[in-house]
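Going line by line, the protein sequences match chains A and B. In my numbering, each number is its position in the first sequence, counted from 1, plus 1. In my numbering, each number is its position in the second sequence, counted from 1, plus 1.
These aren't lab readings, by the way, just hints derived from the structure by calculation. Be careful, since some hints might not be right.
All copies of an identical chain are treated as equivalent in the list; a pair is satisfied when it fits inside any one copy or across any two copies.
With a straight-line Cα cutoff of 30 Å, these simulated BS3-like cross-link-like pairs (lysine-lysine) come out [to be verified]:
1) Lys87 to Lys209
2) Lys253 to Lys87
3) Lys209 to Lys253
4) Lys87 to Lys240
5) Lys127 to Lys240
So you can see what is in the structure, the chains are spelled out below.
There are 2 protein chains.
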Amino acid sequence: MTKIAIIGLGAMGGGMARSCLAAGLEVHGFDRDADRTAAFRAAGGAEGTLDAIAAGIDILVIVVVNAAQVEEALFGPEGVAARLRKGAVVVSCVTMAPDRAREFAERAGALGLHYLDAPISGGAVKAAAGALSILASGSDAAFRTARPALDAMAETVFELGEESGAGSAMKAINQMLVGVHIAAAAEALTFGMTQGVAPQKTLEVIAKCAGSSWALQNRGPHIAAGDYTPLSAVDIWLKDLGIVLDIASRAKFSAPLTAATLQQFVAASGSGLGGEDDSAVAKVYARNAGLTLPGDS
Amino acid sequence: MTKIAIIGLGAMGGGMARSCLAAGLEVHGFDRDADRTAAFRAAGGAEGTLDAIAAGIDILVIVVVNAAQVEEALFGPEGVAARLRKGAVVVSCVTMAPDRAREFAERAGALGLHYLDAPISGGAVKAAAGALSILASGSDAAFRTARPALDAMAETVFELGEESGAGSAMKAINQMLVGVHIAAAAEALTFGMTQGVAPQKTLEVIAKCAGSSWALQNRGPHIAAGDYTPLSAVDIWLKDLGIVLDIASRAKFSAPLTAATLQQFVAASGSGLGGEDDSAVAKVYARNAGLTLPGDS
Chain A
2 MTKIAIIGLG AMGGGMARSC LAAGLEVHGF DRDADRTAAF RAAGGAEGTL DAIAAGIDIL
62 VIVVVNAAQV EEALFGPEGV AARLRKGAVV VSCVTMAPDR AREFAERAGA LGLHYLDAPI
122 SGGAVKAAAG ALSILASGSD AAFRTARPAL DAMAETVFEL GEESGAGSAM KAINQMLVGV
182 HIAAAAEALT FGMTQGVAPQ KTLEVIAKCA GSSWALQNRG PHIAAGDYTP LSAVDIWLKD
242 LGIVLDIASR AKFSAPLTAA TLQQFVAASG SGLGGEDDSA VAKVYARNAG LTLPGDS
Chain B
2 MTKIAIIGLG AMGGGMARSC LAAGLEVHGF DRDADRTAAF RAAGGAEGTL DAIAAGIDIL
62 VIVVVNAAQV EEALFGPEGV AARLRKGAVV VSCVTMAPDR AREFAERAGA LGLHYLDAPI
122 SGGAVKAAAG ALSILASGSD AAFRTARPAL DAMAETVFEL GEESGAGSAM KAINQMLVGV
182 HIAAAAEALT FGMTQGVAPQ KTLEVIAKCA GSSWALQNRG PHIAAGDYTP LSAVDIWLKD
242 LGIVLDIASR AKFSAPLTAA TLQQFVAASG SGLGGEDDSA VAKVYARNAG LTLPGDS
C-alpha cells in the first residue's frame with residue numbers, strides 16, 4: 002500500500018492530508034504544532050515518528066510556508082531527505098522562487114529521490130475537498146510515483162514539463178494576477194461607492210461586462226456582504242507578492258501594478274487587518290476616502 | 002417612422018449608425034469630418050443638414066470624444082438642443098464624469114427634452130454588429146423614446162435607474178477594471194517570460210485558474226501572437242483612465258492601481274505605440290526587461 006507523509010498540517014496541508022485519508026491511503030501527518038499532529042491522528046492519520054517511518058515513505062508531501070522551511074525539513078540538521086529510500090518522491094506544494102525549486106530538485110536527485118515542483122491553488126475549502134489545482138513540473142517518474150497523492154488532493158493537475166521550477170513560475174504568475182485583481186476589485190467597488198453605486202450593483206453589472214475577473218466574482222461578494230471571514234488572509238499576500246516581486250527584481254523585471262498592490266495589502270496588514278479575508282483590503286480604500294462599507298457600523 | 006440622428010461617425014459611432022440603418026430606421030449621420038458624413042450617406046444615410054432636420058428628430062445619439070464636445074454639440078453657439086422638438090430624447094454614449102452627465106440631463110430637461118446617460122462598452126467590432134453593451138440611466142420616458150435606437154445598437158442594455166450619472170459611473174468603474182486588467186495581463190505574461198514561460202503557455206493554464214480575467218483571455222492572445230492590430234488603441238486608455246482618475250480625485254478617492262496602470266499606458270503612448278492595440282502595453286514591460294516578445298524580430 003502506498004505510504005504518504007505530509008509535513009505541514011495548516012489550512013492547506015491539513016485539508017490535503019484528510020483528502021488523502023478519504024481516498025483510502027495510509028497517511029502520516031506532521032506539524033510543528035503538536036496539537037495539529039494529534040488531531041490528524043485522531044482523524045485517522047497513521048502512527049509513528051517521521052524518523053521511524055521515513056524509510057518506508059513512498060510520497061513525501063511538503064506544505065510549509067516558504068522555501069526556507071522546505072530546506073530545513075528536507076536538508077536541515079534533522080532533515081528527512083537523507084533517510085528516505087531511493088525512488089521515493091518529494092512533492093513540494095510551497096510557493097517559492099523557481100530557482101529554489103530547481104536547487105531542491107537537484108539536491109533531492111543527488112540522494113536518489115524524485116522531486117515534483119507542485120505549488121497549489123484553490124484555497125482551504127478546495128484543499129479539504131480534494132479539489133485543488135496543482136501546477137506541477139518534474140520527471141515522468143516523479144509524476145508516476147506521486148500520482149496516488151495527486152489524485153487524492155487535486156481536481157486538476159497541470160503538467161508543466163520536466164524542468165523543476167516551471168510549476169513555481171506558473172504559481173508566481175497566477176499569484177501576481179490574483180493579487181492585483183483582488184486589489185483592483187476592492188479599488189473599483191469602493192470607487193463606485195463614491196459615485197453612489199453600491200458594491201452589489203457594481204458586481205451585478207460588471208460580472209457581465211469586460212471588467213470582470215475571477216477575483217471580482219469570488220471576492221467582490223465578501224465586500225458587498227461585509228463578510229471578512231478569512232478564506233484567504235491579507236497576510237498571505239504580503240508573503241506571496243513579496244516572493245513574486247523578489248523573483249521579478251532578480252530578473253530585473255519592473256512590475257509596477259504588483260508593487261502598488263503589495264503596498265495596499267501592507268497598508269491593510271499594518272492597520273490590523275492581516276488576519277482578515279484578503280478582500281478586507283477594501284477597508285484601506287474606504288478609510289482613505291471616508292467611506293462606510295457595507296456591514297460597517 | 003422613427004427618425005434618428007447620430008453625431009459622431011468614428012470607430013464607434015459609424016458602426017452604431019450603420020446598425021441603425023440595418024434595423025430599417027431612418028438615420029441621419031453627422032461628423033466634423035465631411036468625408037465620413039458623405040460615406041455614411043453613400044451607405045444609406047438620410048440627406049439634410051442638422052439644422053434642417055433638427056425639429057423632426059425623435060432620437061439624437063451623440064458619440065463624440067468627451068463631455069466638452071457633447072456640450073458644444075448640444076448647447077454651444079451652434080448647438081442643436083434648442084432646435085429639437087419637445088419630447089425628443091438625447092442619448093449620450095460618451096464616457097464622462099457622472100456630474101457632467103447630471104448637468105447635461107438637467108439642461109436638456111429644461112428644454113423639454115429627455116436625456117439618457119448611456120455610455121457604451123464592447124469596441125468597434127460589436128458597434129458595427131449592433132451588439133454593444135449600453136450602461137444607461139434615465140427616466141422611463143427617455144428609455145421608451147430611445148428604445149428603437151437602443152434595440153438596433155445593443156445586445157444588452159443595462160438599465161441603471163432614473164438618475165442621470167449612474168450610467169457614466171458604471172462605465173467609469175468598468176473602464177477602471179478593464180484598464181487595470183489589461184496592464185496586469187501584460188505584466189504577468191511578460192513576467193512569465195523572464196521565468197522561461199511563453200505567453201501562450203501562461204494563457205492556457207491561467208485561463209483555468211484563479212488568475213483569470215476577461216481582459217487576460219481577450220487581450221492575452223494578441224500578445225501571444227504578436228498581433229497589435231488596434232481593436233482598442235493604447236491612446237483610448239490615456240483618455241478613459243484620465244477621466245476615471247479625474248472623477249476619483251474630485252471624490253478624494255485614492256486609486257493607486259489605476260494610477261500605476263495609466264502610467265504604463267502613458268509610457269506606451271510616449272514611446273510611439275499610441276495607435277497600436279492596447280495590448281501593446283506589453284512592449285513597455287518587455288523593453289524595460291530586455292525581453293523579446295513573440296512576433297518581434
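List in ascending order the numbers of the hints, as given earlier, that are violated by the structure.
-> Hints 1, 2 and 4 are the ones this structure does not satisfy, whereas the remaining hints hold.
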